[in-house]
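Chemist: What follows is each chain in one-letter form.
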Amino acid sequence: MTTTLKPVDAVLVGFGWTGAIMGQQLCDAGLNVVALERGPWRDTSTDFATGFAQDELRYMWRHHLFQNVAYDTLTIRNNATQQALPMRHLGSFLLGTGVGSGGVHWNGQIWRFLESDFLTKSHNAQKYGQKAVTDYDLTVQDWGVTYGELEPYYDLFDKLCGTSGKAGNLKGQIQPGGNPFEGPRSNEYPTPPMAQTYAPTLFGQAAASLGRHPFPHPTGNLSRDYINPLGCQIGKCTYCGFCEKFGCGNYSKASPQTTVLPYLMAKPNFVLKTECEVLKVELTPDRKRATGVTYVNSAGEEFFQPAEMVILSAYVLQNVRLLLLSGIGQPYDPVSGQGVVGKNYAYQTMSSVNVFFDDKILNPFIGAGALATVIDDFNGDNFDHSGLGFIGGAYIAGMVTGGRPIEMIYTPQGTPAWGLEWKHAAAKNYLKSFAISVHGSCMSHRGNYLDLDPTYRDAYGRPMLRMTFDFTDNEHKMSDYLTDRAAEVAKAMNPREIKLNRRTGSWSVVPYQTTHNTGGAIMGDNPTDSVVNKYLQVWDVPNVFSLGSGAFPQNAGYNPTGTVAALAYHAAAQITSQYIKAPGALVQA
Amino acid sequence: MSGLRVPPLALIVLAALALAGLAASQALAPLPAHPSDAVTPTSFLTQAIPDSVPNAALVRHGRDLAIAGDCLSCHRRPGGPPFGGGLGLNTPFGVIYSSNITSDQNTGIGAWTGDQFYHAMHDGIDADGANLYPAMPYPAFSHASRADDDAILAYLKTTPAVSYRPPVNRLPFPLNFRFMVKAWNFLFFKPAPFQPDPGQSAAWNRGAYLVTGFGHCDGCHTPKNLFGADSTSRPLWGGDLDNWVAPDLTGNPRTGLGGWTADDIVEYLGTGRNAHGGAGGDMAEVVQYSTSLMSDQDRQAIAAYLKSRPASPDASPAQPDAGAMSRGAAIYSDACASCHLEGGVGQPRFFPPLGHDAVLQQADPVGLEHIILAGSRIAPTAARPSPLAMPSFAWKLTDQEAADVATYIRNSWGNRAAPVSASQMHAMRRRLDLETVHYTANSGDQR
Amino acid sequence: MVKLTFDRRRFLIGGAVVGTAGGAVAAALHDGELGGPAQTFNGTVPWQEGTADAPPGVSGTGYGFFTAAEAAFIEAAVERLIPNDAVGPGAVEAGVPFFLDRQLSGPFGRGDHYFLGGPWAKGVPEQGYQSRFSPAQLYRAAIAAIDRYAGGAFNGSTFANLAEADRDKVLKGLEAGTIQLDGGVDGKTFFAMFLQNTKEGYFSDPIYGGNKDMGAWKMIGFPGAHYDYSAWVTRHGERVPYPPVGFKGRPGWTQG
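Residue numbers (our numbering), protein chains in the order written: chain S, 1 to 589; chain U, 1 to 447; chain Y, 1 to 256.
Excised from the complex, chain S in its bound form (with noise of 0.2 Å):
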């Protein structure tokens, strides 16, 4: 029995940072909006607070505020030559559920892609000719927007979370302290940088001795306290050192509950249903037109929603999923190429370098999400590729989000991992080592992509996502490239010793690496080799909007939030200026 509900403009399906961001913009546009959650209520000082929120085996290790696994997994494989097994327990990436999601427990690392890297293909053919973009089999595609056309964007969500850090390019003035790479800015950031640990200085004054050009991370954990355009508040941090994988108890890193849902949850033409799963969305006999979406909540009860647009707002491997069930798109097939959803999945290629010192106190456990003094030389095409067999690059950071004993001892090359000496080792270098995070960026590959699996089924019956990815030769030499950077100004800091954790390798879903998924709804110029156009509006069914990091044609250097949540405000944008006057396609295919 299904319960047909009142009609309503816009129904979000997830609601983390892109159906916030795209609910407040709606219902400031007077739209009627419902938001479908899977996952619980969940706020500051009841969830997360101060008092209990600095919790290493519960949250990070017993994935308390994580998806559950054991109700919704995907299956996963190297190449299409295995037999895909289910994610039996989270690793690689850690998923977000509940409201604010992973925006609950991110690090707070915003970004913004480089100018070039929204020309992927166009740009790396024409400085190193067409085989720089199809070696390996790689596809790479240009994004069908530029960083021009989303600098306001970026702009508002910085306005938004209350970003600390230093402009490096403002209005085309490369400016001394910040990035000199990254494209030009219209405003300074809202508050300055974080203050800067042991670490990252000394991370910077070997980068500078180098004549690279540190900078501090631009961050959502604010150097000082700060009101956003919404009226919402966010407070001072205090370097607890438990932001990823972490609520903030003292509401002082940006996400959803602390910048956005005060003023949302207000609105009278706002409604949030929690623990409520969306199961599919309904289309038209046609199948050019959604009316709504059939969710079942936790009572088992289920419920048609109709609404004028279906907004996907939940993660990048749910947005795709619910494609592929709903059959809106023409699903991806790599043997043949053709078709589009499921295409060009990819990921983070990430390595680091430890550094051990003899001499100096590092207190690692002063920390923050995003507490990194930063080198860009080596990330997108900001250095010449010529004659290095691949394209793309990584940040390279001296960072020290916390100290946390669990998961961050570091110990010297040829420890073993337990017994006295381990112990030994443990207690030397706690204090004084650290790592040098290498953040690689992941081009799209041929067999890289999203399915649904033919085994494997969820609670509801339906088929599991199905993830097939491995990283190609050219993230390996990337990677190897960028390791090697790193270790050079780990020397620079003269310390007793250094180790390095090259990326090596298949793709293994074990260690934690990011969770930063992207591709498989891909954004393009033309329906044939994309999903969403330049407004995340689905070619194929106009009143349907796949928001989120599954729009990146390929994955850039950095970590993906920023640019997530500008594509958001961008559609939101013509949104409430053009599709609510006439309903319909945005870009005529």
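One should not assume that every hint holds.
Claimed, not checked - Quick partial rundown of chain U residues pointing at chain Y, CB under 10 Å, derived from the structure:
#1 45
#2 47
#3 327
#4 338
#5 340
#6 342
#7 383
#8 386
#9 398
#10 401
#11 438
#12 439
Note that these hints are calculated values from the structure, not bench results.
Every residue, glycine too, gets a C-beta built ideally from N, C-alpha and C.
Could you slot chains U and Y onto chain S? The hints should help.
Modeler: Coordinates of chains U and Y only, in the frame set by chain S:
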């Protein structure tokens, strides 16, 4: 694939919608196509009253007075319709439920005449001739003019009718007999229309009218005698209610508003927070549904009046024990500095600075006990919607630890106030029903 | 009505809670998505004073999950993983066996955050955990299988009765995957989980039963659950004076 089967009814509905969609697919209607009819208390109190409403000016004036009187906070049960009544008020004498004051003819006041309404507001007698309990602050409302009462009634009669009868009051014998109120009125109540003081400014007089009249600040901030009546010799010296403290509003520099400027008061009433503190507890709703929706002029008038109040007499509190101070300092650094920072400096307008703080230095520590054990939330307002909240520490601190940190906070950074004992803390824990942990919807790993 | 095939365990557990804590509480508890009652919010940010998603600390003394034989194995094994000496406590001294016992009798042991449904295949290492066992089942099966292995390889002895060097030899064999266990147990998978859990018990908040007296934190210099380091951010190279503190305090909270 049983999960993907669409039941027949849904198919029919879908087909119907599909047909509608096809018919309209050439030119879809602009959005919003399905405007929301939901109201929130704030949207209800701030929605425009169009000129087409009869006596629009009078109705608007009545609405502003209903805001000044904070009628909504009491005349609405949690989640209920505005002015529908049914909120249970915990008085020292029992539970009294607020009445339905919507325009409903039978269960509300839609059928009331102006005389009847004035009689209720001015004399505490309802339309049936029965005495109202003084939980309805008619002693304060009696200061109001007949014209203002008429305006409020005109406004209430424009509100949507809600058919609802609140529960019967739960009062012990003999208070359950309304005629007992007659005796109370005889002893403690003299209807007294407001008399302006010609020696004061118009703003001061407006402030006095609001504070002592519709605003009924006395209701909480003036101590009560044994019969629950205002102790008229101690006006606005601070009272307690429902496990909260309503602080001293006189010019006392330690426990009152002596350290606040008029602008501080205006900011507090308008946004729910200022450089000194935030409006929590029962004051949160007063700010949300009353003072933040007033005109800035009225807030300034209130501030002018309050700043003119003579200071209440100061007491000299007992000295705290050195052990409690040392233990409290340790707990403060580990558990409280996360927001209030080392040295109690706080983050003004976010997390109150704790030094020289009036709430913390009230003679009765009940407010601080409540805040530590249960937490407290700053009123969200249109200007500052963030409901910044202090978390509950009931699960974390023992009675002794909570008492020690309370004693420390009450006697540091310029504060001095009587120490708090573990038994006081335990009594509050019991009254708040916090002897066991109250988990949230997230707490599934407790199993 | 959609048939929910996944929630037998949740309903069983929920039912157990109903008996002790009342239906409303049981229905509201939630860990991961889909579990609590569906709720609709409109008009305000919800908040209830006095509520806290407080940590699920442990209580009592003694073993509830481990049998005497299993306890002997665990104590003898964690003593080798983190031995005791003057530098800092060993895993036994830190209470790790008690921590493991409580973990295995709770949500972690039950595999509340593991997908354990079939079909099952071994897969490749990159595909991670592919056992059908919950962690509690894996511990139970692995301890028995390791004792059988020890009995075969070392003259009928249990693991716990082996000399230190022999225990290390077995543990290294499990770690490297060179020891094959019977009973459908993958020794390497078990060892990885066991070592991880041992470090968890050693370094997690004492509220979970390990890290006794915060000895492991003292050894490395971690101040624990302290939250405000503002004053020390730019005091480069100095030792931060805050003594370690757990969620339920430190000696300074109750002494003095």
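Chemist: State for each hint whether it applies.
Modeler: Cross-check of the supplied hints:
1. The interface hint given for residue 45(U) is violated, since its Cβ lies 12 Å from the closest Cβ of chain Y, which is over the 10 Å cut-off.
2. Below 10 Å, beta-carbon pairs count as interface contacts, and residue 47(U) has none with chain Y, the closest being about 14 Å; its hint is therefore violated.
3. A distance limit of 10 Å between C-beta atoms decides the matter here; for residue 327(U) the minimum to chain Y is near 6 Å, and the interface restraint holds.
4. A least Cβ separation of about 3 Å between residue 338(U) and chain Y falls short of the 10 Å threshold, and the interface hint therefore holds.
5. Because the smallest distance between the Cβ of residue 340(U) and any Cβ of chain Y comes to about 9 Å, under 10 Å, the interface hint for this residue holds.
6. With its C-beta approaching chain Y no nearer than about 6 Å, residue 342(U) sits inside the 10 Å limit, and its interface hint holds.
7. The beta carbon of residue 383(U) comes no nearer than 16 Å to any beta carbon in chain Y, farther than 10 Å, and the hint placing it at the interface is violated.
8. With a least beta-carbon distance of about 9 Å to chain Y, the hint placing residue 386(U) at the interface is held under the 10 Å criterion.
9. Because the beta carbon of residue 398(U) sits about 8 Å from the nearest beta carbon in chain Y, less than 10 Å, this interface hint is met.
10. The interface hint given for residue 401(U) is met, as the beta carbon of that residue sits about 6 Å from the closest beta carbon of chain Y, less than 10 Å.
11. Restraint check, residue 438(U) versus chain Y: the minimum CB separation of about 5 Å is within 10 Å; hint holds.
12. With a cut of 10 Å, the hint placing residue 439(U) at the interface with chain Y holds, because the nearest CB-to-CB distance is about 6 Å.
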